[in-house]
Amino acid sequence: MTFQEERPIFLQLAEQLEDGILSGAYPEGSQVPSITEYSVTYKINPATALKGINLLVDTGLLYKKRGLGMFVAEGAKEKLKAGRREKFLADYIEKLVREAKNLGLGASELSEMIKRGFEDVD
Amino acid sequence: MSIEIKNITKCFGDVCALDDVTLSFGGEKIYGLLGNNGAGKSTLLGILTDLLHPTGGTVTVDGEAVSNNDTALGKVFLVAEQNLFPEDMSVKKAFGAAQIFSAAFDRAYAEKLAAKFGLNTKKKIKSLSTGYASIFRLIIGLSVNTPYLLLDEPVLGLDAQHRDMFYRLLLEKYAEKPCTIVISTHLIAEAAELIEHAVIIRDGRIIRDCPSSELTASAYSVSGPAGLVDSYLEGKHILTSNTLGGLKTACVQGQSDALPAGLEFSGVKLQDYFISLMEEEDRK
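Here the protein sequences line up with chains A and B, keeping their order.
So the first sequence is residues 1 to 122, counted in the numbering used here.
So the second sequence is residues 1001 to 1284, counted in the numbering used here.
What the hints contain is simulated information worked out from the structure, not anything from laboratory work.
We put the CB at the ideal spot given by N, CA and C, even for glycine.
Cross-link-like lysine to any residue pairs, in silico, SDA-like; alpha carbons within 25 Å at most:
id, chain 1, residue 1, chain 2, residue 2
1, B, Lys-1269, A, Asp-91
2, B, Lys-1029, B, Lys-1177
3, B, Lys-1269, B, Asp-1230
4, A, Lys-51, B, Phe-1265
Here are some, though not all, of the chain A residues that point toward chain B, as calculated from beta-carbon distances under 8 Å:
id, residue
5, Arg-7
6, Ile-9
7, Thr-36
8, Ser-39
9, Val-40
10, Lys-43
11, Ile-44
12, Asn-45
13, Pro-46
14, Ala-47
15, Thr-48
Can you build the whole structure from these sequences, using the hints too?
In structure tokens, the structure reads:
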């Protein structure tokens, strides 16, 4: 992973962890990398890594086993999906529609393209 | 537990290298001491380790004055451009000597790092290339285990691969044995994400001293059609701006408010902030 310029690193780290939980790279009940691993791998201050991981602890996606590390909570994947569905309209649809309007595409053309997208993407 | 720098002034003849500097380093944090060449970074680090004597002011380490005080100085290690060992000494012997001078020096770890960097420990210090001379000094710094580690332009002369290795090793070390680290550098982009607290020095004066996240959060950048940007910028504190054709980008001090349609917002990185700040100071 490479970090993008403009957004705080701890947010990007949190999102990357969330993506990992969604994709199954970090299954429920499994251990996620430690603060030190994140710090050394991405060459970031451990306080930054901690801040990112704590975002997921605060929302109950990760939990701490004392002396062992951080683990993915049961039900984390469903919880994430539900959260992301809620944000889907604002994060994707509104952006999509705005760009479609910029390009002069109407609602029917756009839904036709979405249908095509469903066929093309596995 | 900290290094306290109070009202330090240092003059060389009638040139004032440091002007009433008051700072504190501690809390097992990684500090960035950021400034352009000649800003006074090395002079400050030299004073912290009693290599230079201030014209005025005091430096204490955990409450004890550093001036001629081995207990206080034993807690601070400076990796600077100069080599502290006899030039004729081999690297291996220097590791041995370091162990004698500093009880906490981890010789086995130093040997391990030397192998990792490909530093031939049989070589004499004077025959090391510029890059390996730096690596040798950094290995001593990483192995010395003092509560305070000062690194003056640590990656100067290192190639990309070795710089990368050094940053990772430093963070590994920091995770294992937390200590207060001060990295003095003018290569800000590379070190930016390592730094928790930034101190910006300019012409011998401290002009910023706060968590680096605060600095980057205190400015933002907008871009868009020049006319739109100009009307948006009215009454705002502009750090820098540049125009490319009809497109204008400006770095603004403060928190962003709601942007009018057509303008793009982005955050600023520590280096962008630093450059903008220097350009603003240049205009004063």
